[in-house]
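Letter by letter, the chains look like this.
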Amino acid sequence: MAKKTASKQLRLFTQESPIIIFVTLAMCSIAIMSYDYRHKINVQLKQKVAFVITPFHWMVNAPSQIIREIDYYLSEQNKLQQQILSLKSEANLLQAIQQKLTLIENENRSLRKILNIKNLIKNDMTIGEVVLPSQTNGAPQLLINKGMDDGIDIGSPVMNNKGLVGQVIHVNKNLSTVQKITSNNFAISAISENGTMAALIFGNGSPHLVIYRLPAYEKLRLGDHLLTSGLDQIYPKGIKIGKVIKIIPTNNSQFNEIIIEPATSPQSFSQVMVIKSGNP
Amino acid sequence: MIQQKSLNNQQKLYVLGLFLITILLTQISLPFIPIGSLPDYFIAWAVALISVNNKYFSVMKIFFLGLVADILIGQLIGQYGFTFLLIYVLHFFISKMLAIQSNGQKTVLGVILVLSGLLIDYMTSATYEIDNYETSALLKIIFTIITFLIYRLIFEMKLKAI
Numbered sequence: 001m002a003k004k005t006a007s008k009q010l011r012l013f014t015q016e017s018p019i020i021i022f023v024t025l026a027m028c029s030i031a032i033m034s035y036d037y038r039h040k041i042n043v044q045l046k047q048k049v050a051f052v053i054t055p056f057h058w059m060v061n062a063p064s065q066i067i068r069e070i071d072y073y074l075s076e077q078n079k080l081q082q083q084i085l086s087l088k089s090e091a092n093l094l095q096a097i098q099q100k101l102t103l104i105e106n107e108n109r110s111l112r113k114i115l116n117i118k119n120l121i122k123n124d125m126t127i128g129e130v131v132l133p134s135q136t137n138g139a140p141q142l143l144i145n146k147g148m149d150d151g152i153d154i155g156s157p158v159m160n161n162k163g164l165v166g167q168v169i170h171v172n173k174n175l176s177t178v179q180k181i182t183s184n185n186f187a188i189s190a191i192s193e194n195g196t197m198a199a200l201i202f203g204n205g206s207p208h209l210v211i212y213r214l215p216a217y218e219k220l221r222l223g224d225h226l227l228t229s230g231l232d233q234i235y236p237k238g239i240k241i242g243k244v245i246k247i248i249p250t251n252n253s254q255f256n257e258i259i260i261e262p263a264t265s266p267q268s269f270s271q272v273m274v275i276k277s278g279n280p
Numbered sequence: 001m002i003q004q005k006s007l008n009n010q011q012k013l014y015v016l017g018l019f020l021i022t023i024l025l026t027q028i029s030l031p032f033i034p035i036g037s038l039p040d041y042f043i044a045w046a047v048a049l050i051s052v053n054n055k056y057f058s059v060m061k062i063f064f065l066g067l068v069a070d071i072l073i074g075q076l077i078g079q080y081g082f083t084f085l086l087i088y089v090l091h092f093f094i095s096k097m098l099a100i101q102s103n104g105q106k107t108v109l110g111v112i113l114v115l116s117g118l119l120i121d122y123m124t125s126a127t128y129e130i131d132n133y134e135t136s137a138l139l140k141i142i143f144t145i146i147t148f149l150i151y152r153l154i155f156e157m158k159l160k161a162i
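So the protein sequences, as listed, match chains X and A.
Mind the numbering: the first sequence is residues 1 to 280 in our numbering, read in order.
Mind the numbering: the second sequence is residues 1 to 162 in our numbering, read in order.
Honestly, the hints are just simulated from the structure, not real lab data.
Think of the CB as a built atom: it goes at the ideal place given N, C-alpha and C, for glycine as much as any other residue.
Check the hints yourself; a few may be wrong.
Said to hold, decoys possible - Each pair of labels, with its calculated beta carbon distance range:
{"no.": "1", "chain 1": "X", "residue 1": "Gly151", "chain 2": "A", "residue 2": "Glu156", "range": "45 to 53 angstroms"}
{"no.": "2", "chain 1": "A", "residue 1": "Leu119", "chain 2": "X", "residue 2": "Thr126", "range": "37 to 45 angstroms"}
{"no.": "3", "chain 1": "X", "residue 1": "Thr126", "chain 2": "A", "residue 2": "Met60", "range": "38 to 46 angstroms"}
Unchecked claim - Anything over 12 angstroms on all C-beta distances counts as not near chain X; from chain A, calculated:
{"no.": "4", "residue": "Lys12"}
{"no.": "5", "residue": "Tyr14"}
{"no.": "6", "residue": "Gln105"}
{"no.": "7", "residue": "Lys106"}
{"no.": "8", "residue": "Ile112"}
{"no.": "9", "residue": "Leu138"}
{"no.": "10", "residue": "Ile145"}
{"no.": "11", "residue": "Ile146"}
{"no.": "12", "residue": "Leu149"}
{"no.": "13", "residue": "Glu156"}
{"no.": "14", "residue": "Met157"}
{"no.": "15", "residue": "Lys158"}
Claimed, not checked - The list that follows gives simulated cross-link-like pairs (lysine-lysine, DSSO-like), each with its CA atoms no further than 30 angstroms apart:
{"no.": "16", "chain 1": "A", "residue 1": "Lys12", "chain 2": "A", "residue 2": "Lys96"}
{"no.": "17", "chain 1": "A", "residue 1": "Lys61", "chain 2": "X", "residue 2": "Lys48"}
{"no.": "18", "chain 1": "X", "residue 1": "Lys162", "chain 2": "X", "residue 2": "Lys219"}
{"no.": "19", "chain 1": "X", "residue 1": "Lys113", "chain 2": "X", "residue 2": "Lys276"}
{"no.": "20", "chain 1": "X", "residue 1": "Lys162", "chain 2": "X", "residue 2": "Lys88"}
{"no.": "21", "chain 1": "X", "residue 1": "Lys40", "chain 2": "A", "residue 2": "Lys61"}
{"no.": "22", "chain 1": "X", "residue 1": "Lys246", "chain 2": "X", "residue 2": "Lys162"}
{"no.": "23", "chain 1": "X", "residue 1": "Lys237", "chain 2": "X", "residue 2": "Lys219"}
{"no.": "24", "chain 1": "X", "residue 1": "Lys48", "chain 2": "A", "residue 2": "Lys12"}
Start from the sequences, fold in the hints, and give me the full structure.
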């Protein structure tokens, strides 16, 4: 009996034991992880196997899509006609404003030419719709239905009518993943509305943004809006980032910590605009 | 050496079906759970599969399924592979050292494996985007354990019944 127990206890460390295969596989996986972290092969692989995940996205989206379509068909015709009319008048108004803008833009261009200033912003944008889910494997992110085919590249800034949303981090053929500005370690170069203060704003994974150490002499008040500065050459100048909601004194009396509420929250939009790269 | 038993076609179908459902679940954000607290379905699935009966699956198969999960939804290739492997090893060693026989003991072992899996997952995280708030991390652990118990129930019903 004792002999039997002893031999059973030792079995793990004999040639029969799977310990060698465990160690080999563990080393293999660590090597693969390191290699992937350096060379980003997972991103390339994901682009190639996107067709496997697409049906799952379709399945997740299907219920809301069906409900939306049923809702659309069940809507009263009169209501829709009224909406069409109001949209038409809005479009007419916008066209009139656009004409004025075209004139101003042309004037601006010629003035810039005269003053020899480089054109900083070209509004080459594409409009994308946010696709469910709003998370993948627990990590919050946005998926939009535009990809490489629409001229989107990794790093393209994403915004909506309220302000800056984030930056494209993965691009597939027809889908892109957007990292939100509130994500951990997300950094944006910002200026105040009156242009007197410049700082780096960080996301920290919470719903708010933060300026960790703003010199106390900077005159920033509650409710002040912050805009992109354009200095980072990624985000065009003047996109609204958020407004100051809290100023916290730090241990060092020369600096304050600023808490900013983002201008956009994930629940507040279903469409986003992606500024195509090469057009900061 | 662990003696491997082979699964019949219907059992294989259940395991594969649950794997596909797990992929689907990872894409869904449940409205009543904050995004940072969503369970790690793959760890729950792997622990349930291993703890119900690891004789059905060799370490190679578990590792391979981990790699597939990594390619489809993971951050890094090898992360889930590594996590599943360590869960398998932990289960193997604990089962060898302790006499885990009753249902309660198996459940506690499963919970320990889930906690270990989540810890390994955090340690190998490429983004270090660990939940900022203790409450959301705690909720994630609780929801993952609940998911594990549900998976375990399904596996026990289906893998043992057929």
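Here's how the hints hold up against the structure:
1. X:Gly151 / A:Glu156: 45 to 53 angstroms: holds (51 angstroms)
2. A:Leu119 / X:Thr126: 37 to 45 angstroms: holds (42 angstroms)
3. X:Thr126 / A:Met60: 38 to 46 angstroms: Given a distance of about 45 angstroms, which is inside 38 to 46 angstroms, the answer is holds.
4. Lys12: holds (19 angstroms)
5. Tyr14: holds (19 angstroms)
6. Gln105: holds (19 angstroms)
7. Lys106: Holds: least Cβ distance 20 angstroms, greater than 12 angstroms.
8. Ile112: holds (18 angstroms)
9. Leu138: holds (14 angstroms)
10. Ile145: The claim holds: A:Ile145 sits with its nearest Cβ about 15 angstroms from chain X, beyond 12 angstroms.
11. Ile146: At about 15 angstroms from chain X, A:Ile146 clears the 12 angstroms cut-off, so the statement holds.
12. Leu149: holds (19 angstroms)
13. Glu156: holds (25 angstroms)
14. Met157: holds (24 angstroms)
15. Lys158: holds (22 angstroms)
16. A:Lys12 / A:Lys96: holds (26 angstroms)
17. A:Lys61 / X:Lys48: holds (23 angstroms)
18. X:Lys162 / X:Lys219: Holds, at roughly 24 angstroms.
19. X:Lys113 / X:Lys276: Distance of about 24 angstroms is within 30 angstroms: holds.
20. X:Lys162 / X:Lys88: Holds, at about 23 angstroms.
21. X:Lys40 / A:Lys61: holds (25 angstroms)
22. X:Lys246 / X:Lys162: Given pair X:Lys246, X:Lys162 holds - Cα atoms ~20 angstroms apart, limit 30 angstroms.
23. X:Lys237 / X:Lys219: holds (21 angstroms)
24. X:Lys48 / A:Lys12: This hinted pair holds, its Cα atoms lying about 26 angstroms apart.
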